[in-house]
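Could you build all of it, start to finish, from the sequences and the hints given here?
Residue numbers (the working numbering), protein chains in the order written: chain A, 1 to 223; chain B, 1001 to 1191.
Careful, some of the hints might be misleading.
DSS-like mimics (lysine-lysine), calculated; alpha carbons at most 30 Å apart, straight line [unchecked claim]:
1. K1148(B) / K1002(B)
2. K1092(B) / K1021(B)
3. K1148(B) / K1092(B)
4. K1185(B) / K1002(B)
5. K60(A) / K1109(B)
6. K49(A) / K1021(B)
7. K1109(B) / K1021(B)
8. K1185(B) / K1030(B)
9. K82(A) / K1138(B)
10. K1138(B) / K49(A)
11. K60(A) / K1185(B)
12. K122(A) / K135(A)
13. K1047(B) / K1002(B)
14. K1092(B) / K1128(B)
15. K1030(B) / K1058(B)
16. K135(A) / K1109(B)
17. K82(A) / K60(A)
18. K1030(B) / K49(A)
19. K49(A) / K1109(B)
20. K1185(B) / K1138(B)
21. K1108(B) / K49(A)
22. K60(A) / K1108(B)
23. K1092(B) / K1030(B)
To be clear, the hints were calculated from the coordinates, so they are not data collected in a lab. Bear in mind that the values here come from a model prediction, so they are computed numbers and not experimental data.
Read off the chains here:
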Amino acid sequence: MKRLIFPLLLMIGWALPATGQHKLPDLPYRYAALEPHIDSLTMYIHYNKHHAAYVNNLNKVLEAYPEWQLKDVTELLAHIDKLPQTIRTTVRNNAGGHYNHSLFWEMLAEPGTTRMSSRTEKALIRDFGSVEAFKQAFARSAMGRFGSGWVWLLQDRDGKLSVLSTPNQDNPLMPFVARDMRIVLALDVWEHAYYLNYQSQRAAYVEAFWNVVNWRKVDEVLK
Amino acid sequence: MKFELPKLPYDFGALAPVIGKETVELHYGKHFQTYITNLNNLIPGTKFENADLETIVKESDGAIFNNAGQTLNHNIYFLSFSPNGGGAPQGKLAEAINAAYGNFENFKKEFVAAGVSVFGSGWVWLAKDAAGKLQVSKEANAGNPVTKGLVPLLGFDVWEHSYYLDYQNRRADHLNALWQIIDWKAVEARY
Ligand SMILES: [Fe+2]
Ligand SMILES: [Fe+2]
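And the structure:
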């Protein structure tokens, strides 16, 4: 039943006003692909409702600003402080939401389908002491984010890895958040990312996340 | 001072379907309880050890503020509902709402619109100033209008935990439904 309804709803979703340059990217797997760690209903709503709303809101707010309309989302984020004051916060929230979720979907993979490369492992050991210490630092950052936000594994120009958390839909592309940082891994810790499956247990969601990390993608991004 | 969960004047399931039983159980028994437990663990040995809750909210920051704010917020929130609630406010509060918003319908519209526009986790509050004049106050995360010298009268929680099991992403539907269970006698008593 679910398998039938979801593609149908998805087609209806695509028929909704999507005039504008920003588009919801294809999800690189089925809604159920990450089960039981991330359930299919959460994936469906997260992608088709939350992410789609960021895309639609971004297109809508840019309608009256042709000079910003054709800019890539990464460019909008990097120049967020140059945007007209009247739309800055809305673009910050929605371009952030669009970019962060696009990235997040790619950072996830069906459990058991990717493995941490030895290159990634060495880099984590070099900068955190051990893989376990990295995971603990990442989880601590996730638990320490009060309210809604994201946790990032970042790499600076010298190759050094670090963990950072940002509120709401802010991200390290925004000049007031970070400079010259490459995003290696991302975790959404808004309650909508886990509430249906884990309710108040954010720690359980963060623990489960390790089962669905796309380590191939991490290896690709690492310098 | 040791803070404790207030007793709810209704059963966990009594607010359904506006707020489902499981949501009340988790929101009250897990989220609210955790804020209180954290606060009780954080304040011993600080200048807030013997302070009342409102003073802590006004004067603290960081983790103490977050947990004190959420303790105060949820105290007000959970004691604003009744399974026999709904309808419209009476008396002085009704007059103040009409004075500030024209009529009750307009007020509700403006209040829900403010709640929908809070980005991320937070609250929307109806508050009064020293002269009794009303205003709608949007607050992020643990914010409460006491920090602006206002008296909080009614707060809608817009953290996703307050509505996600029942409404998922449909925050506006949730906020519009809450009017059905507002205990206006309790809100009027704060005015
Ligand atoms: Fe999200
Ligand atoms: Fe709450």
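Status of each hint after checking the structure:
1. The straight-line distance between the Cα atoms of K1148(B) and K1002(B) is roughly 25 Å, inside the 30 Å bound, and the hint therefore holds.
2. For the proposed pair K1092(B) and K1021(B), the alpha carbon gap of about 33 Å is over 30 Å, so the pair is violated.
3. Proposed proximity of K1148(B) and K1092(B) is supported: the alpha carbons are some 23 Å apart, at most 30 Å.
4. Under the criterion of a C-alpha separation no larger than 30 Å, the hint pairing K1185(B) with K1002(B) is consistent with the structure, at around 28 Å.
5. A hinted pair counts as satisfied when its Cα atoms are at most 30 Å apart, and K60(A) with K1109(B) qualifies at roughly 23 Å.
6. Annotation: proposed proximity of K49(A) to K1021(B) holds, straight-line Cα distance about 25 Å (limit 30 Å).
7. A C-alpha spacing of about 27 Å is found between K1109(B) and K1021(B), which places the hinted pair at or below 30 Å, so the restraint holds.
8. Restraint check for K1185(B) and K1030(B): satisfied, since their Cα atoms lie roughly 27 Å apart, inside the 30 Å limit.
9. Distance check on the hinted pair: K82(A) and K1138(B) sit about 26 Å apart at the alpha-carbon level, within 30 Å; holds.
10. For the given pair, K1138(B) sits about 24 Å from K49(A) by alpha-carbon distance, which is consistent with the 30 Å threshold.
11. Between the alpha carbons of K60(A) and K1185(B) the distance comes to roughly 42 Å, so the proposed pair goes past 30 Å and is violated.
12. Proximity of K122(A) to K135(A) is assessed by CA-CA distance (about 14 Å); at most 30 Å being required, the pair is judged to hold.
13. Simply put, K1047(B) and K1002(B) have alpha-carbon atoms about 14 Å apart, close enough for the 30 Å limit, and the pair holds.
14. For the suggested pair K1092(B) and K1128(B), the alpha carbons sit about 12 Å apart, so the restraint of at most 30 Å is met.
15. A threshold of 30 Å between alpha carbons decides the hint, and for K1030(B) with K1058(B) the separation of about 25 Å falls inside it, so the pair holds.
16. For the suggested pair K135(A) and K1109(B), the alpha carbons sit about 45 Å apart, so the restraint of at most 30 Å is broken.
17. Under the criterion of a C-alpha separation no larger than 30 Å, the hint pairing K82(A) with K60(A) is consistent with the structure, at around 19 Å.
18. For the hint pairing K1030(B) with K49(A), the CA-to-CA distance comes to about 27 Å; that is within 30 Å, so the pair holds.
19. Taking the CA atoms of K49(A) and K1109(B), the gap is near 23 Å; set against the 30 Å cutoff, the hint holds.
20. Among the hinted pairs, K1185(B) with K1138(B) is consistent with the structure: their alpha-carbon atoms are about 23 Å apart, no more than 30 Å.
21. Proximity of K1108(B) to K49(A) is assessed by CA-CA distance (about 25 Å); at most 30 Å being required, the pair is judged to hold.
22. Restraint check: the Cα-Cα separation between K60(A) and K1108(B) comes to about 26 Å, which is no more than 30 Å; the hinted pair holds.
23. Of the supplied pair hints, the one linking K1092(B) and K1030(B) is violated, its CA atoms being roughly 36 Å apart against a limit of 30 Å.
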